[in-house]
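Participant: Read off the chains here:
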Amino acid sequence: MHEMSLAHGMMQQVLALLREHGAERVTDVTVLLGPFSGVVAESFAFGFEVLKKSETCFQDATLHLELPDPHYRCLECGVETSLPLTRSATFLDPDCETSTSSRCPVCASTRLSPLGGAELILQQVRME
Amino acid sequence: MCDSCGCQQDPVPINKEKVVDVHEQLLAANNEQASANRRHIEKMGAVALNLISSPGSGKTSLLEQTIERLKGRLSIGVIEGDLETERDAERIRKKGVPAVQLTTGGGCHLDAPMVHGGLHVLEHMAKGKKFDLIFIENVGNLVCPAAFDLGEHRRVVLLSVPEGSDKPEKYPATFRSADLVLVTKTDLLPYFDFNLEEATSAVKLLKPDLPVLPLAAEKGEGMDAWIDYLLALLPR
Ligand SMILES: Nc1nc2c(ncn2[C@@H]2O[C@H](COP(=O)(O)OP(=O)(O)O)[C@@H](O)[C@H]2O)c(=O)[nH]1
Ligand SMILES: [Mg+2]
Ligand SMILES: [Zn+2]
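Each protein sequence line maps, in turn, to chains S and W.
Each residue of the first sequence is one higher than the one before, counting from 57 in our numbering.
Each residue of the second sequence is one higher than the one before, counting from 12 in our numbering.
Accuracy of the hints is not assured; some may be wrong.
[To be verified] Straight-line alpha carbon distances no greater than 20 Å define the calculated SDA-like cross-link-like pairs of lysine to any residue that follow:
1. Lys109/S - Leu119/S
2. Lys215/W - Arg165/W
3. Lys140/W - Asn206/W
4. Lys181/W - Ser158/S
5. Lys106/W - Lys141/W
6. Lys27/W - Glu76/S
7. Lys230/W - Lys141/W
8. Lys27/W - Leu71/S
9. Lys29/W - Asp116/S
10. Lys215/W - Thr137/S
11. Lys106/W - Lys29/W
12. Lys140/W - Gly56/W
13. Lys108/S - Ala174/S
14. Lys29/W - Arg81/S
15. Lys215/W - Glu59/S
16. Lys215/W - Arg167/S
17. Lys215/W - Asp84/S
18. Lys105/W - Gly56/W
19. Lys230/W - Asp198/W
20. Lys215/W - Glu98/S
21. Lys27/W - Ala79/S
22. Lys181/W - Pro170/S
23. Lys29/W - Leu71/S
24. Lys29/W - Asp84/S
25. Lys215/W - His58/S
26. Lys215/W - Ser138/S
27. Lys181/W - Asp84/S
28. Lys29/W - Thr86/S
29. Lys105/W - Met125/W
30. Lys105/W - Pro124/W
31. Lys29/W - Pro170/S
32. Lys215/W - Asp116/S
33. Lys138/W - Leu85/W
34. Lys54/W - Lys215/W
If you're looking for bench data, these hints aren't it; they were derived computationally from the structure.
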């Protein structure tokens, strides 16, 4: 994907907030990457680390990534469930995402339809 | 310990820290423009489809054959996205349909602001005439376009037989974001190691209610189901 440009866009949003609040530097940024967003967490974090070097107010900023488990609705019995995704350093390996071969905890059906999960959200900024 | 004089007193903390809860989409600017595009498209009288696939999966050929079947019945407009060149838009114009070429100059996807520009050009070309269907052919890429809402009503992902049936597994985010999957160039099934059932179940594993239609646009196979799908999108 374009994790680098996503990280760049996120930093622009943070800079605007910094100006808005009259703060000078960013200490912490929390970003939520939905499990179905297609964004590779490692690449996003890498993009942030590279780009922050060229922005003085980001020098000491720490990026926190929230990686929530995916939610599904079972098309057989209607139950809504959240199942863990095996996210790891091998997230770049596309097979690891589908390898969960998820089943409904109630009726064991594999007909699980994803609920949301594509979101990319700037959650919180700490600044001073 | 105090840094200035070395005394044992802790420095008085000057707490300037601010915590701002934002909860804003990273792609907020794109998403807002996409919503505006959707309203714009509806004002033009149309339903819009965003076609996503690898390069060469048959998007332009599908559009040519679709226009062939619907011209005279429906008013169609096309926005073509490509890295360079007007070639695809020219192929569409040859079919007698207004087509706008957006060139990204190397950019790997279309975004909502680009499509917004395209909609205005399309409107200008149609001289106030209403549209029924607007097709947006995205830049050939199975990864990046997935994250960008363009203001479409339906997202169609194409997978051609020569690409192999494991594509849905390899690009799950893109297939999950689709409203319809088209398996294209099915006339080539006898010559490739492509298992239609396997591809369909790979798609269903990602999103069980995602419809899959097989077709070969250039041979006219499976086109009726696709045309029916399009007609069902129109307000009656
Ligand atoms: N065998 C076969 N070839 C096709 C079919 N549809 C398109 N093609 C060929 O696939 C190539 C790429 O098609 P094109 O529509 O330009 O792909 P795009 O890059 O997705 O727009 C062209 O050489 C087409 O002739 C089909 O139904 N069957
Ligand atoms: Mg094309
Ligand atoms: Zn169930």
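Participant: Checking one constraint from the list: CA of Lys215/W to CA of Ser138/S, max 20 Å. Satisfied?
Facilitator: 18 Å, holds
Participant: Is the hinted pair Lys106/W and Lys29/W satisfied, with a Cα-Cα distance of at most 20 Å?
Facilitator: Given that 20 Å is the threshold and the Cα spacing comes to 59 Å, the pair is violated.
Participant: Please verify whether Lys109/S and Leu119/S have alpha carbons no more than 20 Å apart.
Facilitator: 13 Å, holds
Participant: Holds or violated: are the alpha carbons of Lys105/W and Gly56/W at most 20 Å from each other?
Facilitator: Measuring from Cα to Cα gives roughly 24 Å; hence the hint is violated.
Participant: Between the alpha carbons of Lys105/W and Pro124/W, is the straight-line distance 20 Å or under?
Facilitator: Answer violated: Lys105/W to Pro124/W is near 27 Å, above 20 Å.
Participant: Against the 20 Å threshold, does the CA-CA distance of Lys27/W and Ala79/S hold or violate the hint?
Facilitator: 8 Å, holds
Participant: Lys27/W and Glu76/S were given as a pair; does the straight-line alpha-carbon distance stay at or below 20 Å?
Facilitator: 15 Å, holds
Participant: Need the status of pair Lys29/W, Leu71/S: alpha-carbon distance at most 20 Å?
Facilitator: This hinted pair holds, its Cα atoms lying about 14 Å apart.
Participant: Just to be careful, I want the Cα atoms of Lys140/W and Asn206/W compared with a cutoff of 20 Å; is the pair within it?
Facilitator: Status violated; Cα separation ~44 Å.
Participant: Take a quick look at whether Lys215/W and Arg165/W sit within 20 Å of each other, Cα to Cα.
Facilitator: Status holds; Cα separation ~18 Å.
Participant: Lys215/W and Arg167/S were given as a pair; does the straight-line alpha-carbon distance stay at or below 20 Å?
Facilitator: 8 Å, holds
Participant: Is the hinted pair Lys105/W and Met125/W satisfied, with a Cα-Cα distance of at most 20 Å?
Facilitator: 24 Å, violated
Violated hints, in rising order: 3, 7, 11, 13, 15, 17, 18, 20, 25, 27, 29, 30, 31, 32, 34; the structure is consistent with all others.
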